[in-house]
Amino acid sequence: MRKKTFSVLTAAFGLALAACGSSASSSTASNSSSSLPPAPSQITVGTTYSGSGSFATSSIPELDGLKFWIKYENAKGGVYVGAYKKRIPVKLVAYNDLSSATTAATQYNQLLTQDKVNIFVSDFGSVLTAPAVSLAEAHKVVLFDQSGTGIPFFSPQNKYIVLADLPVSSIWPNVLAKFLISKQIKNLAVLYGTNDFDASQATTLKTILAQNGINISYYQGVPSSTTSFGTLLQTIAQSKPDALLEFGYAANDAPFLQNVQSSGMHFKMVFTVFPGQLLGLFQQQVGTAGLSYTYTYGTNFYVNYPTVSEGLNSSQFATQFAAAFPGELNSLSLDGYNTGLVIQASLKYAKSLSQSDIRAGAAAASGHLNTVDGSFVLNSEGAQTGELLPVAQLFPSGSGVTLKAVYPASQATGSAVYPAPVG
Amino acid sequence: MPKLDEIDRTLETESKGKRLISPAVAALVPVVVFAVGVHIYSNELLLTYMAIYIALAQGINIIYGFTGYLPFGYFGFFGVGAYASGLAMLDYNVPPVLAVVIGGVAAALVGALLLPLFRLRGAYFAIGTLAASEAIYAIVSNPSLQSITNGPYGLNLAAYYSSGTAYGTAIALAAIAILAASYVRSSKFGLTLKAIRDDSYSASMSGVNVPRQRFYAWLIAAAIAGMGGSIFGWSTSVFYPQAVFDSSLSVLAIVFALFGGVGTVWGPTVGTVVLYAIYNAIGVSNPQYFQLIYGLVIVLLVLFAPRGLAGLRQIKSRRATTVGAKND
Numbered sequence: 001m002r003k004k005t006f007s008v009l010t011a012a013f014g015l016a017l018a019a020c021g022s023s024a025s026s027s028t029a030s031n032s033s034s035s036l037p038p039a040p041s042q043i044t045v046g047t048t049y050s051g052s053g054s055f056a057t058s059s060i061p062e063l064d065g066l067k068f069w070i071k072y073e074n075a076k077g078g079v080y081v082g083a084y085k086k087r088i089p090v091k092l093v094a095y096n097d098l099s100s101a102t103t104a105a106t107q108y109n110q111l112l113t114q115d116k117v118n119i120f121v122s123d124f125g126s127v128l129t130a131p132a133v134s135l136a137e138a139h140k141v142v143l144f145d146q147s148g149t150g151i152p153f154f155s156p157q158n159k160y161i162v163l164a165d166l167p168v169s170s171i172w173p174n175v176l177a178k179f180l181i182s183k184q185i186k187n188l189a190v191l192y193g194t195n196d197f198d199a200s201q202a203t204t205l206k207t208i209l210a211q212n213g214i215n216i217s218y219y220q221g222v223p224s225s226t227t228s229f230g231t232l233l234q235t236i237a238q239s240k241p242d243a244l245l246e247f248g249y250a251a252n253d254a255p256f257l258q259n260v261q262s263s264g265m266h267f268k269m270v271f272t273v274f275p276g277q278l279l280g281l282f283q284q285q286v287g288t289a290g291l292s293y294t295y296t297y298g299t300n301f302y303v304n305y306p307t308v309s310e311g312l313n314s315s316q317f318a319t320q321f322a323a324a325f326p327g328e329l330n331s332l333s334l335d336g337y338n339t340g341l342v343i344q345a346s347l348k349y350a351k352s353l354s355q356s357d358i359r360a361g362a363a364a365a366s367g368h369l370n371t372v373d374g375s376f377v378l379n380s381e382g383a384q385t386g387e388l389l390p391v392a393q394l395f396p397s398g399s400g401v402t403l404k405a406v407y408p409a410s411q412a413t414g415s416a417v418y419p420a421p422v423g
Numbered sequence: 424m425p426k427l428d429e430i431d432r433t434l435e436t437e438s439k440g441k442r443l444i445s446p447a448v449a450a451l452v453p454v455v456v457f458a459v460g461v462h463i464y465s466n467e468l469l470l471t472y473m474a475i476y477i478a479l480a481q482g483i484n485i486i487y488g489f490t491g492y493l494p495f496g497y498f499g500f501f502g503v504g505a506y507a508s509g510l511a512m513l514d515y516n517v518p519p520v521l522a523v524v525i526g527g528v529a530a531a532l533v534g535a536l537l538l539p540l541f542r543l544r545g546a547y548f549a550i551g552t553l554a555a556s557e558a559i560y561a562i563v564s565n566p567s568l569q570s571i572t573n574g575p576y577g578l579n580l581a582a583y584y585s586s587g588t589a590y591g592t593a594i595a596l597a598a599i600a601i602l603a604a605s606y607v608r609s610s611k612f613g614l615t616l617k618a619i620r621d622d623s624y625s626a627s628m629s630g631v632n633v634p635r636q637r638f639y640a641w642l643i644a645a646a647i648a649g650m651g652g653s654i655f656g657w658s659t660s661v662f663y664p665q666a667v668f669d670s671s672l673s674v675l676a677i678v679f680a681l682f683g684g685v686g687t688v689w690g691p692t693v694g695t696v697v698l699y700a701i702y703n704a705i706g707v708s709n710p711q712y713f714q715l716i717y718g719l720v721i722v723l724l725v726l727f728a729p730r731g732l733a734g735l736r737q738i739k740s741r742r743a744t745t746v747g748a749k750n751d
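Residue numbers (the working numbering), protein chains in the order written: chain A, 1 to 423; chain B, 424 to 751.
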């Protein structure tokens with residue numbers, strides 16, 4: 001039995017290694033060449049989306065934004081490709097990853113190895129973007145990272161990533177920290193999800209505040225799946241904070257705000273991350289009373305950009321997107337559209353359709369691209385640093401709430417009400 | 424005319440031969456299929472995960488199929504393996520294949536720590552393992568342990584990424600898991616496990632050391648999951664805690680094993696290949712109806728093949744025997 005088993009194992013390893021011999025070298029990369037190959041009949045954009053699961057509410061609007069960009073450009077004959085000086089139609093291939101990183105990984109590989117897409121776009125958020133990072137690098141295909149702002153993705157070694165729509169999560173709270181300092185808030189409570197996106201924001205905030213002598217009396221990480229905050233709120237209330245900040249995903253922020261409201265507690269300032277991105281959804285789930293006078297990040301969706309260098313301006317986008325995709329229009333659908341604009345600019349500047357030239361095209365667009373999502377600026381590692389998110393506050397307005405940027409003064413559309421009124 | 428003892432000897436030799444050939448074939452067939460398959464269908468990562476799922480389904484087979492203990496928290500060992508091997512690579516520059524073994528050992532050690540869970544039975548045991556795995560996840564992703572596990576920021580193994588070698592290792596793991604299940608099924612050890620599954624008190628009264636035998640099966644299953652997690656982490660290369668401590672890993676592995684038929688050697692392998700292929704085929708061809716179609720497939724299987732594919736085969740062979748007997 002032992003001899004037989006040993007021989008089977010030997011055969012297994014032999015065959016397995018033989019299998020990996022050829023596959024290891026497989027790659028969809030194409031290097032730039034001096035003579036341009038004939039123009040393709042279409043540009044294939046491949047991505048995954050979360051049709052269900054915890055990331056669906058964020059992922060679907062992003063996909064809709066990308067679809068809108070494709071529809072809009074195809075109506076003009078396709079996206080303009082600078083190397084060929086003509087428009088080429090765009091085709092979308094999108095797989096449903098069900099909010100699962102494992103499923104997303106195999107589907108990303110399907111896009112690279114089977115569909116051989118020209119443009120590779122990741123799903124919403126860091127968790128679902130993570131499996132795409134190494135695959136893109138290994139296949140030497142540029143990853144257009146929509147909103148995966150996780151720090152580990154960006155390194156000098158990885159030359160195949162472009163963060164399209166949002167700044168890296170570690171710089172998100174820079175303006176928020178300045179706002180807290182300006183308000184002379186001295187006692188803070190910070191609750192954050194133990195995931196890269198939220199923990200990196202909490203860490204950045206803590207570091208900046210510590211440098212300015214501000215005490216965080218309550219600083220607690222909770223599992224990303226947390227949706228019940230009652231007990232935590234009781235504990236936090238004992239430290240009587242001047243501001244309560246909760247860094248979570250949409251699935252955490254909404255129940256957090258509901259719990260604050262139902263607890264009957266009053267805090268001078270409550271901050272959460274996602275109402276500024278999914279205001280319509282939060283309006284439905286939390287209601288006007290629960291959202292009124294709370295703070296959030298003011299995304300570019302709430303900033304009017306009348307002049308842009310690529311695509312539609314703010315009012316044009318709002319009108320045309322609503323006509324094409326009736327229903328929820330929010331900052332994540334704007335992000336999806338902006339991903340398309342970054343791809344568009346990269347293709348415009350690229351000297352060929354090789355992946356290295358497309359990446360060079362994105363670098364060339366950096367600093368020159370102004371869209372409905374603001375300025376696009378890439379650092380040397382492919383991370384977006386052009387946008388700094390203002391602090392916004394939600395004010396009761398009619399039967400709903402209105403979001404107004406309150407800090408910094410240069411972007412403010414309203415004045416902060418601090419402390420928040422009772423009731 | 425041959426003597427009776429000669430007939431016995433012949434039958435014994437034949438049976439021994441079958442016992443040797445069957446596991447070899449069960450392990451070799453998937454290896455050949457995977458080795459050839461990657462040249463036909465180049466989504467290597469999908470095939471890597473399929474091989475890992477075969478190993479996980481066999482791990483479930485060993486602990487559930489042979490002892491009756493269903494571990495819903497099986498993903499905990501998977502996550503421990505991914506982290507142990509990842510940290511071995513990052514902190515001690517251990518070669519990836521050796522790190523995979525370390526992942527298996529670490530998972531087995533955690534399995535040993537969780538041994539008191541065997542005081543529970545049935546649904547309580549299943550929920551207990553789930554809670555334990557969630558607890559391990561909370562510990563690993565805790566920001567306070569960032570200096571050790573990197574907390575919520577995950578691991579980046581891009582420097583060790585080698586899709587081909589990871590694929591080869593996944594195939595080898597699948598083969599090892601199948602051989603382990605074969606051994607358990609055909610050995611005296613397997614018989615004691617089945618006795619424990621059917622009636623642990625009677626087994627104990629018959630001289631079977633129940634805790635010890637069950638412990639061995641538990642360790643084997645944990646080590647397989649740990650090595651599976653190690654290869655998963657290595658082949659994915661950038662991952663967060665929630666990706667490797669994902670309860671859907673357990674659910675899929677259990678479904679695959681049940682669909683194929685637990686307590687058999689071929690069942691979990693065939694179950695994984697068929698269901699995982701369907702899972703991905705629907706995801707690619709009809710992503711908008713993904714859950715609807717996959718859910719219907721599972722419902723139909725539960726209704727018409729509650730004992731899995733192996734159960735269907737047994738029914739068929741029983742019918743054939745009955746028909747044969749009637750004809751006689």
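Hints were generated in silico from the structure; no laboratory data involved.
We put the CB at the ideal spot given by N, CA and C, even for glycine.
Be aware that a few hints might be false.
Said to hold, decoys possible - So the derived label-pair ranges between C-beta atoms look like this:
1. Pro89(A) x Gly718(B): 51 to 59 Å
2. Ile562(B) x Lys240(A): 28 to 36 Å
3. Ala704(B) x Pro408(A): 48 to 56 Å
4. Asn379(A) x Leu726(B): 50 to 58 Å
5. Gln320(A) x Val697(B): 52 to 60 Å
6. Ala237(A) x Val674(B): 45 to 53 Å
7. Ser397(A) x Leu532(B): 20 to 28 Å
8. Ala558(B) x Pro421(A): 36 to 44 Å
9. Asn215(A) x Leu532(B): 40 to 48 Å
10. Asn709(B) x Gly280(A): 48 to 56 Å
11. Gly718(B) x Thr231(A): 33 to 41 Å
Here is how each hint holds up against the structure:
1. Pro89(A) x Gly718(B): 51 to 59 Å: 36 Å, violated
2. Ile562(B) x Lys240(A): 28 to 36 Å: The hint (28 to 36 Å, Cβ to Cβ) holds, given that Ile562(B) and Lys240(A) are roughly 31 Å apart.
3. Ala704(B) x Pro408(A): 48 to 56 Å: 52 Å, holds
4. Asn379(A) x Leu726(B): 50 to 58 Å: 56 Å, holds
5. Gln320(A) x Val697(B): 52 to 60 Å: The hinted range 52 to 60 Å is violated for Gln320(A) and Val697(B), with Cβ atoms some 46 Å apart.
6. Ala237(A) x Val674(B): 45 to 53 Å: Between Ala237(A) and Val674(B), where Cβ atoms are some 38 Å apart, the hint is violated.
7. Ser397(A) x Leu532(B): 20 to 28 Å: 59 Å, violated
8. Ala558(B) x Pro421(A): 36 to 44 Å: For Ala558(B) and Pro421(A) the Cβ distance comes to about 42 Å; the hint holds.
9. Asn215(A) x Leu532(B): 40 to 48 Å: 41 Å Cβ-Cβ, so the 40 to 48 Å window holds.
10. Asn709(B) x Gly280(A): 48 to 56 Å: 29 Å, violated
11. Gly718(B) x Thr231(A): 33 to 41 Å: Check passed, 35 Å falls within 33 to 41 Å.
Going through the hint list in order, the structure does not satisfy hints 1, 5, 6, 7 and 10.
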